[in-house]
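Asker: Taking the hints into account, I'd like the entire structure generated from these sequences.
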Amino acid sequence: MSRSLILPDPADPDSAFFWEGTARGELRVQVCGRCRRRRHPPRPMCPFCRSAERGFEVLSGRGRIWSFVVAHPPLLPAYAELAPYNVIAVALEEDPTLRLVSNLVPGPGAAPGEVDPAGIRIGEPVRAIFEPVEDVFLPRFVREG
Amino acid sequence: MTGGVALRDRTAIAGIGQTRFGRGLPESELELGCLAVAEAIADAGLDPSEVDGAVIFSMEDGREVQLARSVGLGDLRFFAEVGYGGGAGCATVGLAALAVASGQCEVAVAWRARKRAAPSSRPWARVEARVGGDFQWTRPFGLLRPVDEIAMLTRRYMHEYGATRDHLANVALACRKHANRNPRAVMHDRLLTREQYMESRWISEPLCLFDNCLETDGALACVVVSAERARDLRHPPVYIHSYAQGLPRQHQVMTNYFCEDPLRGPSHVCSERLFGAAEFGPGDVDVAQIYDAFTPLIPLSLEGYGFCGRGEGAAFTEEGALEWPDGRLPINTSGGGLSEAYVHGFNLILEGVRQMRGTSTCQVEGAETCLVTSGEGVPTSALLLRS
Numbered sequence: 000m001s002r003s004l005i006l007p008d009p010a011d012p013d014s015a016f017f018w019e020g021t022a023r024g025e026l027r028v029q030v031c032g033r034c035r036r037r038r039h040p041p042r043p044m045c046p047f048c049r050s051a052e053r054g055f056e057v058l059s060g061r062g063r064i065w066s067f068v069v070a071h072p073p074l075l076p077a078y079a080e081l082a083p084y085n086v087i088a089v090a091l092e093e094d095p096t097l098r099l100v101s102n103l104v105p106g107p108g109a110a111p112g113e114v115d116p117a118g119i120r121i122g123e124p125v126r127a128i129f130e131p132v133e134d135v136f137l138p139r140f141v142r143e144g
Numbered sequence: 000m001t002g003g004v005a006l007r008d009r010t011a012i013a014g015i016g017q018t019r020f021g022r023g024l025p026e027s028e029l030e031l032g033c034l035a036v037a038e039a040i041a042d043a044g045l046d047p048s049e050v051d052g053a054v055i056f057s058m059e060d061g062r063e064v065q066l067a068r069s070v071g072l073g074d075l076r077f078f079a080e081v082g083y084g085g086g087a088g089c090a091t092v093g094l095a096a097l098a099v100a101s102g103q104c105e106v107a108v109a110w111r112a113r114k115r116a117a118p119s120s121r122p123w124a125r126v127e128a129r130v131g132g133d134f135q136w137t138r139p140f141g142l143l144r145p146v147d148e149i150a151m152l153t154r155r156y157m158h159e160y161g162a163t164r165d166h167l168a169n170v171a172l173a174c175r176k177h178a179n180r181n182p183r184a185v186m187h188d189r190l191l192t193r194e195q196y197m198e199s200r201w202i203s204e205p206l207c208l209f210d211n212c213l214e215t216d217g218a219l220a221c222v223v224v225s226a227e228r229a230r231d232l233r234h235p236p237v238y239i240h241s242y243a244q245g246l247p248r249q250h251q252v253m254t255n256y257f258c259e260d261p262l263r264g265p266s267h268v269c270s271e272r273l274f275g276a277a278e279f280g281p282g283d284v285d286v287a288q289i290y291d292a293f294t295p296l297i298p299l300s301l302e303g304y305g306f307c308g309r310g311e312g313a314a315f316t317e318e319g320a321l322e323w324p325d326g327r328l329p330i331n332t333s334g335g336g337l338s339e340a341y342v343h344g345f346n347l348i349l350e351g352v353r354q355m356r357g358t359s360t361c362q363v364e365g366a367e368t369c370l371v372t373s374g375e376g377v378p379t380s381a382l383l384l385r386s
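First to last, the protein sequences are chains A and B. Counting from 1, position 30 in the first sequence corresponds to residue 29 in numbering that gives the first Met the number 0; the numbering is continuous, with no gaps. Counting from 1, position 372 in the second sequence corresponds to residue 371 in numbering that gives the first Met the number 0; the numbering is continuous, with no gaps.
Some hints could be false.
Stated by the list, open to error - FRET-style restraints, in silico, Cβ to Cβ:
{"hint": "1", "chain 1": "A", "residue 1": "Ala51", "chain 2": "B", "residue 2": "Asp8", "range": "54 to 62 Å"}
{"hint": "2", "chain 1": "A", "residue 1": "Pro95", "chain 2": "B", "residue 2": "Asp74", "range": "33 to 41 Å"}
{"hint": "3", "chain 1": "A", "residue 1": "Val141", "chain 2": "B", "residue 2": "Leu190", "range": "44 to 52 Å"}
What the hints assert, rightly or not - Heads up, incomplete: computed chain B residues facing chain A, CB under 10 Å, no partners named:
{"hint": "4", "residue": "Phe134"}
{"hint": "5", "residue": "Tyr156"}
{"hint": "6", "residue": "Glu204"}
{"hint": "7", "residue": "Gln251"}
As the list claims (entries may be wrong) - If we take Cβ atoms under 8 Å as the criterion, some of the chain A residues that face chain B in the derived model are:
{"hint": "8", "residue": "Asp11"}
{"hint": "9", "residue": "Val69"}
{"hint": "10", "residue": "Leu75"}
Simulated from the structure, these hints should not be mistaken for lab results. Virtual Cβ for every residue (Gly too), placed ideally from N, Cα, C.
Answerer: Okay, structure coming up:
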């Protein structure tokens, strides 16, 4: 059982662009190389036009909380230390049907358990920040404004 | 011919078997599976050597090869497996029915044996330190367990439709009351009040301890034969009236947040074929066994299977609607996954059979039709049983 956070595998070829983006402070979403429609999570073929050509677009990182949970033990050890903590789903500003799962944090370097769960509201505007954990950068969100 | 009609009432469940339920049972999953399958075959009045078909869960530790040579099954001519954990139960019986109805085999067994401590249980706790695929979008942020994944949908459901914890408690209390009448239920002797529900500890807000199913060791099995053959066996046939599976477009297993309409779950797709192939509709269902790994799956499934409209599932649970004997749709009459046992929903199938035989400990008087569903939130399956 892992003692550290579970992190994305940089060797996943479909999503490498996403994690390369977070390392550069960019929130990237996959776009079809032919019809230009966005999709998330990334996948090898466009479900709208069947093109396997693909690229990405850099989004604003802004969105609104679509839903959230507050996790309590029993949890994996590295997460139990942080509990209770929030996990949020964010509907992205450019297309609210594109959603990211992440955490709401009070600011850079802070843990998701540091936000009072009683104050979290569906619909709250949030914006992405990019937090280093070992060799990757996880997108987390702070309240907008 | 309308899709699915070819199967209608052509096969029947002729035998059922199960082990005791508990925590830390000494038998292996394979041994538990053998016990349940052997009992189901005996219950049907058949000899194990007559079994020539087997359908299992992909997660099953005791593979059909191992179980067949222990129980002494005959030459198998049909064997298959179904994935996606709790979504598989009704599909194992449905595939057995398809195989029997099409003549690929004559006597098929389906089963599930599960131990809480077995390697196939709790996959969330064995995740690698580095994850690709679907998990990379949720696990790093601490969305780790099935309860976390369903809690995310539940919070959104409550927000959109005004559902409350009282609605979820209605589900938990109904299942517990039914378990209190069922001597085999793990929670047979344990009463549950609304106050206890409201004061219990959080697991993943908005879901508390009693919104979660039990963790149980045990095994259950059933035997499927043709309707003609079933009429010559020991018990009155329980006909498989309709069977369907459902995997919605753009679905993501358990974390279905990435499509246009996340609250339209697999049950909606499954229901179209299930009732489309049936001679009756949701309003004619006398009793239902609805997959309940978590309480919010009940309102979502009530909507998916057409007992009410979108957003009305929570209100449907009011005024004891789910409770035996007077509710308009008694559900999970043996206690379900929440209070009888959690064996990936296979106990719901056996309770459906007992309702059609008239032998439930919460017998719905004159029940002739029963809906049984498998997991909502994962690629799923369902059965309509008829006496």
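Asker: Hints numbered earlier in the text: which of these fail when held up against the supplied structure?
Answerer: The structure breaks hints 1, 2; every other hint is satisfied.
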